[in-house]
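Protein chains: 2
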Amino acid sequence: MALVVQKYGGSSVADAESIKRVAQRIVSTKQDGHHVVVVVSAMGDTTDELVDLANQVSPLPPARELDMLLTSGERISMALLAMAIANLGHEARSFTGSQAGVITDSTHGKARIIDVTPSRIRDAIDEGSIAIVAGFQGVSQDSKDITTLGRGGSDTTAVALAAALGADVCEIYTDVDGIFTADPRIVPAARRIPDISYEEMMEMAACGAKILHLRCVEYARRYGMPIHVRSSFSNKTGTWVKTSIEGNQMEQAIISGVAHDRSEAKITVVGVPDKVGEAATIFSTLADAEINIDMIVQNISAAATNRTDISFTLPRADGQAAIKALNKIKDQIGFDSLRYDDQIGKVSLIGAGMRSHPGVTAKFFGSIADAGVNIEMISTSEIRISVVVDQDDVDAAVTAAHHAFDLDADQVEAVVYGGTGR
Amino acid sequence: MALVVQKYGGSSVADAESIKRVAQRIVSTKQDGHHVVVVVSAMGDTTDELVDLANQVSPLPPARELDMLLTSGERISMALLAMAIANLGHEARSFTGSQAGVITDSTHGKARIIDVTPSRIRDAIDEGSIAIVAGFQGVSQDSKDITTLGRGGSDTTAVALAAALGADVCEIYTDVDGIFTADPRIVPAARRIPDISYEEMMEMAACGAKILHLRCVEYARRYGMPIHVRSSFSNKTGTWVKTSIEGNQMEQAIISGVAHDRSEAKITVVGVPDKVGEAATIFSTLADAEINIDMIVQNISAAATNRTDISFTLPRADGQAAIKALNKIKDQIGFDSLRYDDQIGKVSLIGAGMRSHPGVTAKFFGSIADAGVNIEMISTSEIRISVVVDQDDVDAAVTAAHHAFDLDADQVEAVVYGGTGR
Chain A
763 MALVVQKYGG SSVADAESIK RVAQRIVSTK QDGHHVVVVV SAMGDTTDEL
813 VDLANQVSPL PPARELDMLL TSGERISMAL LAMAIANLGH EARSFTGSQA
863 GVITDSTHGK ARIIDVTPSR IRDAIDEGSI AIVAGFQGVS QDSKDITTLG
913 RGGSDTTAVA LAAALGADVC EIYTDVDGIF TADPRIVPAA RRIPDISYEE
963 MMEMAACGAK ILHLRCVEYA RRYGMPIHVR SSFSNKTGTW VKTSIEGNQM
1013 EQAIISGVAH DRSEAKITVV GVPDKVGEAA TIFSTLADAE INIDMIVQNI
1063 SAAATNRTDI SFTLPRADGQ AAIKALNKIK DQIGFDSLRY DDQIGKVSLI
1113 GAGMRSHPGV TAKFFGSIAD AGVNIEMIST SEIRISVVVD QDDVDAAVTA
1163 AHHAFDLDAD QVEAVVYGGT GR
Chain B
763 MALVVQKYGG SSVADAESIK RVAQRIVSTK QDGHHVVVVV SAMGDTTDEL
813 VDLANQVSPL PPARELDMLL TSGERISMAL LAMAIANLGH EARSFTGSQA
863 GVITDSTHGK ARIIDVTPSR IRDAIDEGSI AIVAGFQGVS QDSKDITTLG
913 RGGSDTTAVA LAAALGADVC EIYTDVDGIF TADPRIVPAA RRIPDISYEE
963 MMEMAACGAK ILHLRCVEYA RRYGMPIHVR SSFSNKTGTW VKTSIEGNQM
1013 EQAIISGVAH DRSEAKITVV GVPDKVGEAA TIFSTLADAE INIDMIVQNI
1063 SAAATNRTDI SFTLPRADGQ AAIKALNKIK DQIGFDSLRY DDQIGKVSLI
1113 GAGMRSHPGV TAKFFGSIAD AGVNIEMIST SEIRISVVVD QDDVDAAVTA
1163 AHHAFDLDAD QVEAVVYGGT GR
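Just so you know, the protein sequences line up as chains A and B, in that order. In short: position in the first sequence from 1, add 762, done, that's the numbering used here. In short: position in the second sequence from 1, add 762, done, that's the numbering used here.
Excised from the complex, chain A in its bound form:
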């Protein structure tokens, strides 16, 4: 008998029929002899509808009240799911994030989990019930106010709860069969990855693979909680995200997959005087404006002018705010101009095996060049290489790299590759 935490996203509980289908799956896990704790997101478009309502009464709703409003979404889905399970003859009890002991800080809209005290959940499963927990929400330690966890919040709730309960596995249900070596909409020959390490999955998530959020993988890694990403439409094994046991894997794949991201923009600060502290001033200004920077590239300065260019990428949504913040310090820094480009895409090659295979970088760049794609920026980590290319070249670069590293499947699997909600 295992303790299984299952997480179902908004698309899995979009309507009454979907909720009944998910209830069947939960009951069948229970009937296999396992304890089951379920984390659920709000139904389909509920969150968007609530945000729309909020905007109708206030152009800038207070964050505390927006959290109060949005958390009603999971309250609805979890109660309905508990009812559907009860209708199949099994006892189910729903719990809000607060009731489940999800304690957070007070940052409304993107609260961090600081403790999980799931005594009520443990009591419920000890008494033979299936516990249904609202994802994406918690209660603040200081003010006892309702908080939401922001992007990736429901997945993170599931992993955090699984860790606190000492669960055997955290199953994340989605509408695809697992994590793929590339987006199958771009590379039809993409294969499901059966196993991937936390580190590789974090790089995949950070580089645009949308199935799991970086934050949830980080949490799972910290507690060594195995995640099983699988489809709510089939019983197939999906992708296991867990600690890599390198010694055991004689033939570990060099490369896990190719990720891409079209949501970023690139800013170049042209003609920055090559003085100590200039880069620090630029990036602390951006940090003060709460702008998250991804890649940063700075070349050595031209000897003649003693000036250099600094380029960085950032979420496109933050582009205008960044330009505004930088223009305010233009005279202080003394740079020449700013260039903004939102027609970029990032293509990343991820694989723990590349550590010990020095030829990977050259092969990656070569495959992209052979596809006739120009590389604008490069950034690397120990297990990842990312390049920025023209947005129109993303598909060609992904396909070329996927093929060059022998990731193509012999047979094309039929999959639908969708985004995730919370």
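Some clues are possibly wrong.
It does not matter which identical chain is used: a pair holds within one copy or between any two.
Claimed, not checked - When the alpha-carbon atoms are kept at most 25 angstroms apart in a straight line, the in silico DMTMM-like pairs for lysine to aspartate or glutamate are as follows:
1) 906 - 889
2) 906 - 885
3) 1125 - 1168
4) 972 - 957
5) 906 - 888
6) 872 - 853
7) 1086 - 877
8) 1037 - 930
9) 1004 - 1155
10) 906 - 853
11) 1125 - 814
12) 782 - 810
13) 782 - 811
14) 782 - 814
15) 1125 - 810
16) 1090 - 1050
17) 1092 - 1050
Think of the hints as simulated: they come from the structure by calculation, not from any bench.
Chain A is fixed; fit chain B onto it per the hints.
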């Protein structure tokens, strides 16, 4: 500076525009220098929509989960109302029933309030905020589960909170200008009642006046909390429900108003043997089936047969359950048959003054007879006389009684008379 508790029903917050209008009214009370605590129901049809969703996943949803589901309704309306107030430049904080300290028993769907510990509400108003509280809901003392209070729940929340906070007044906002001497849809000349005692209001509520629920008036009477029933569409004074100071009212009206109720049915148990304990058996059987009985009439038994008929009225919704329960004890009791009539209506005359005016009963019956209406059952209390008539005769009886006791206004007020939600 007073402490004012205001309650707004579902129709007052049916959409974004209504919510903004209510926010204006709340802010204007605050600007008059008062502390304001607001109790709010779910928006318009939200509750019906949620019940519909529940029925889609389960024919008989567990009561605990139904409460969890339905309480999301107030969560939405209260957060939106707080946002709308914030948008007008005033701080507002929303609180669930649980956060507001509304402690109940564990009877899901119709929980009773057993304590109110509103320390967070007090803190909020002490800090200058407007507190918005979800009506209709609480948290059970034993299991810490979310409960709903059932019919009249939001009004009762408002009165209970007002009592616990020591508020100066509990204002119940509705879509009419107050309590009227009769339903203006039946009697266009009906007048607004400026003041009414708790006792009379309780009789009015029990006899079909739908503006205030009996339960909320009972609660207010117990704590001596003045209720001001008024329209959310105007600034007019409505009806004050409070302790009657009879000595001060030289010209207290004999009759407060005429109420009617078309929601009941009548059951006659024909040919009950006139033995000790037969009536007790009948009504304990009905009590065991959780059927609420209203009027009961038993005549003396016919000398020849030593058998009698017992008639009673009950909510029409409970009719079939009552028939079923009684048929089960038919042989035990030995009655002849059951007669069921749901084409009845109850007309009640209410007034504290009738205690000292012996002619009231005769005048009431006379007015109904003059209107050509046959009386089927009669029941009286110290301050009320009720008769059961044919449902088609209700309007005629109400109109005749209203006129006979000089309740007609000189001028007809333009009012819309609607039902209340929770």
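Here is how each hint holds up against the structure:
no.	hint	verdict
1	906 - 889	between (28 angstroms within a copy, 16 angstroms between copies)
2	906 - 885	both (22 angstroms within a copy, 13 angstroms between copies)
3	1125 - 1168	within (12 angstroms within a copy, 100 angstroms between copies)
4	972 - 957	within (17 angstroms within a copy, 64 angstroms between copies)
5	906 - 888	between (27 angstroms within a copy, 18 angstroms between copies)
6	872 - 853	between (33 angstroms within a copy, 22 angstroms between copies)
7	1086 - 877	neither (37 angstroms within a copy, 54 angstroms between copies)
8	1037 - 930	neither (54 angstroms within a copy, 68 angstroms between copies)
9	1004 - 1155	neither (33 angstroms within a copy, 77 angstroms between copies)
10	906 - 853	between (29 angstroms within a copy, 18 angstroms between copies)
11	1125 - 814	neither (48 angstroms within a copy, 59 angstroms between copies)
12	782 - 810	both (23 angstroms within a copy, 20 angstroms between copies)
13	782 - 811	both (23 angstroms within a copy, 18 angstroms between copies)
14	782 - 814	between (27 angstroms within a copy, 15 angstroms between copies)
15	1125 - 810	neither (43 angstroms within a copy, 62 angstroms between copies)
16	1090 - 1050	within (13 angstroms within a copy, 77 angstroms between copies)
17	1092 - 1050	within (16 angstroms within a copy, 82 angstroms between copies)
Of the numbered hints stated above, those contradicted by the structure are hints 7, 8, 9, 11, 15, listed in ascending order.
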